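Asks: The primary structure of each chain is shown beneath.
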Amino acid sequence: MKHTLRQVFHSPNFVIGFVIFIVLLLMVIIYPLIITNPPLQIIAQGTFFPPGVYVNTFDSINSPATYTLNLDNAAAKRIESKLDNQQRLDMQTWLEADGIPADQIDITNTAQLLDQWTKSYDPNKSFPGMTFAKQRYYQRLDASLKGILSTSGAIIAAQDSQTGVLQQTGVVNQSDYVNISQVANVQVLPLGTDNFGRDVLTELVRATGVSLEIGLVAGVIATLIGLTLGLLGGYVGGLMDDFIMFITNLFTVIPSFVLLILISYSIGQDKRGAFTIAVVIGFTSWVWTARAVRSQVISLRNRDHVNLSKLSGHSVVHIIAADILPYIASYVVMALILQISSGILAEAGLSILGLGPRTTEVPTLGLMMNWAMIYQAEILGKWWAYFPVLVTIALITFSMNLMNTGLDQVFNPALRS
Amino acid sequence: MKGYGKYFLNKLLWLLVTFIFAFILNFTLPRLMPGNPVAGIVARLAQGMSNSNGMAAVYKRYTDLFGTDKPIYVQFLLYVKNVLQGNFGVSFSQYPRTVADILKSSIWWTICLQFPAIIVGWIIGNTLGALAAYLKGGFDKVLMPVSIFVSNFPAFGMAIILLVIFGVDLKWLPTSGGYGFDLIPTFTFTFMWSVIVHYQLPFWSIVLIAIGGQAIGMRSMSIYELNADYVKYSRFLGIKDRKIVGYVFRNAMLPQVTGLALSIGTMVGGALVAEIIFSYPGLGYTLLTAIVGQDYPLISATTMIVTLMVLIANFAIEIIYGFIDPRIKAAQSD
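Chains Z and W, in that order, give the protein sequences.
So the first sequence is numbered by my numbering: it starts at 1 and just counts up by one.
So the second sequence is numbered by my numbering: it starts at 1 and just counts up by one.
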């Protein structure tokens with residue numbers, strides 16, 4: 001046993017797969033210990049907040065100490081972030097109409113663009129073909145640029161509780177800074193929020209956990225059924241084998257996907273928990289294990305040690321447990337790994353169809369995909385809502401298949417080259 | 001030809017048996033659950049209906065069609081009769097269209113998409129796999145991990161990635177539908193071009209997934225065959241390398257054909273989900289709308305059709321296999 005394990009851990013494929021899998025597993029276990037927010041809590045008002053660090057504006061203004069930093073490029077940066085691409089293009093159009101050659105205008109160079117703008121812009125100038133609305137738009141744009149360029153601070157006012165009159169309580173200057181560690185409320189959302197306004201990372205970690213559980217339950221059920229049927233068919237033989245083979249062949253050609261859809265739909269939305277789905281997946285995906293176990297058992301059935309065991313009067317159960325199972329154990333483990341990974345994929349496929357687990361209790365990877373698809377995250381370019389989920393699914397299945405390939409190379413000497 | 005005749009009959013019989021079994025499952029599974037499918041949906045339909053006479057009429061209509069007030073075997077016979085007449089009932093969610101009508105318009109999209117895609121993926125995958133086994137070295141080292149990764153990627157994931165890259169970011173290809181939303185199906189150049197353009201992303205996402213899995217299988221089969229005694233013997237006899245590769249390829253192909261027959265169900269399932277991502281007007285999308293609309297007759301008919309398609313594809317592959325594997329003929333004529 002020890003030797004086998006050492007051999008297994010010498011296989012590079014297995015080790016890579018194992019490491020990826022363990023990292024994912026540790027994430028699932030450790031993350032909730034540190035960040036204890038409930039995974040399905042809706043924290044954001046609105047959909048798809050991009051990933052980043054969210055600093056509370058109110059707390060920043062009221063932070064205990066403000067610091068003055070005189071940085072030269074602060075104003076330039078401020079304008080750069082304020083001017084979006086469309087505004088830059090509009091400025092370019094105006095400047096070109098004003099007669100500045102197109103090759104002298106570089107809209108990515110904010111300082112130069114602004115310089116050209118302040119020099120040549122005239123609010124009263126109108127070009128042929130320019131609507132009045134457009135002219136007003138340019139005037140507003142100019143005003144907002146001037147607003148950013150001005151050096152006066154923003155005034156904070158509070159409403160007097162009796163008279164309702166605004167009273168100045170403070171001024172935020174352009175060179176004022178707060179230290180982020182002194183701001184009471186800073187929320188890091190590494191993967192932003194999803195369509196319902198939930199923290200994607202927290203949700204993803206929980207979903208990975210649930211999906212792994214689904215895969216494990218489905219895999220164990222499928223492997224147990226497959227193993228039992230395969231052993232019975234292969235060892236007992238006769239009529240039993242014919243019957244089992246008939247059933248197995250039937251379910252090989254009838255697509256399990258269709259069965260999954262029919263059963264999940266029939267169960268109904270209210271009764272579809274994550275566990276139920278896992279059981280259903282398990283009950284529809286045992287076919288491969290049964291086939292493979294049966295053919296291996298048939299090749300083992302007439303080996304000398306089995307015959308000897310039979311002659312010694314051991315019971316069928318004993319023979320199967322002591323003389324056959326150890327020989328197919330490595331195969332069963334590999335089959336289990338593959339079943340787990342295909343179980344996770346099956347859940348994802350079902351959920352995208354809208355037949356996944358009930359949505360109110362736990363997230364799963366498939367459900368997260370489903371939500372992102374319903375809200376068209378992929379079309380809107382909200383990559384953080386679906387891409388990390390895809391990567392997680394791919395990493396899980398990839399790591400499991402790598403482990404499987406590694407095990408295969410160890411236990412199946414014919415494949416070593 | 002006698003050997004093949006026997007083989008053919010055997011497979012045909014098996015096709016019938018599996019179909020009947022699938023048919024029974026398709027009928028029973030939804031009925032195993034508490035409450036008959038019609039009552040539940042009619043109740044839902046009726047929520048928006050204040051007129052109790054109208055409600056009764058709707059219920060009566062479906063009860064007549066499905067015979068839900070009769071014993072289960074009568075229901076089954078009724079179901080068989082209806083299906084044989086091509087009558088799958090009326091869709092709940094797209095009333096008053098009939099299920100047969102909806103399926104008639106979507107089935108060709110799926111067949112024209114999935115059949116070529118799976119075949120192309122299979123051919124490319126096998127060629128790459130055989131090349132990897134033969135060339136070894138760098139080609140193999142790159143192709144193998146990529147293949148493993150791609151084949152483990154869910155089909156819908158590949159679909160989304162292609163969609164985002166080529167449809168959303170680069171804007172080369174349209175992101176959804178089977179043809180431009182402003183077009184009416186006609187045999188004009190504009191329409192045909194639109195269909196071809198819309199075809200690309202779903203097609204390649206299915207092909208890519210198929211390539212990965214097939215390449216892995218073909219590679220290990222070819223490696224196994226390359227080490228076989230007959231290859232060594234041929235080399236010993238001084239037969240040209242190209243000819244040997246031909247033998248190896250033919251022998252390694254055979255299990256791959258069987259593999260295709262066995263995995264076609266899974267492939268179709270994955271491809272149906274990929275269709276959904278692109279809102280391709282095929283069976284996958286029909287299935288999604290049916291599930292969203294809780295449209296029981298449509299779901300039941302779609303799963304039936306998908307099963308039938310898979311069974312027929314399976315049958316076709318088995319028949320082809322019978323022709324290309326000489327052992328079949330030998331075994332059957334004994």
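It cannot be assumed that every hint is accurate.
As the list claims (entries may be wrong) - Straight line, CA to CA, 30 angstroms or less: simulated BS3-like cross-link-like pairs of lysine-lysine:
#1 Z/K271 x W/K70
#2 Z/K82 x W/K171
#3 Z/K134 x W/K171
#4 W/K60 x Z/K271
#5 Z/K82 x Z/K125
#6 Z/K82 x Z/K2
#7 Z/K82 x Z/K146
Note that these hints are calculated values from the structure, not bench results.
For clarity, every value in this text was computed on a predicted model and none was experimentally measured.
Asks: Given the hint that Z/K82 pairs with Z/K125, does the C-alpha gap stay at or below 30 angstroms?
Replies: 25 angstroms, holds
Asks: Are Z/K134 and W/K171 close enough, with their CA atoms no more than 30 angstroms apart?
Replies: Answer holds: Z/K134 to W/K171 is near 29 angstroms, not above 30 angstroms.
Asks: Are the Cα atoms of W/K60 and Z/K271 separated by 30 angstroms or less?
Replies: With a Cα-Cα distance of about 28 angstroms, the restraint between W/K60 and Z/K271 holds, given a limit of 30 angstroms.
Asks: Between Z/K82 and W/K171, is the straight-line Cα distance small enough, at 30 angstroms or below?
Replies: The hint holds at about 27 angstroms.
Asks: Is it true that the CA of Z/K271 sits at most 30 angstroms from the CA of W/K70?
Replies: 27 angstroms, holds
Asks: What's the verdict on Z/K82 and Z/K2, does the C-alpha distance respect the 30 angstroms limit or exceed it?
Replies: 64 angstroms, violated
Asks: Quick one, are Z/K82 and Z/K146 close enough, alpha carbons at most 30 angstroms?
Replies: Measuring from Cα to Cα gives roughly 12 angstroms; hence the hint holds.
The earlier numbered hint that this structure contradicts is number 6, and it is the only one.
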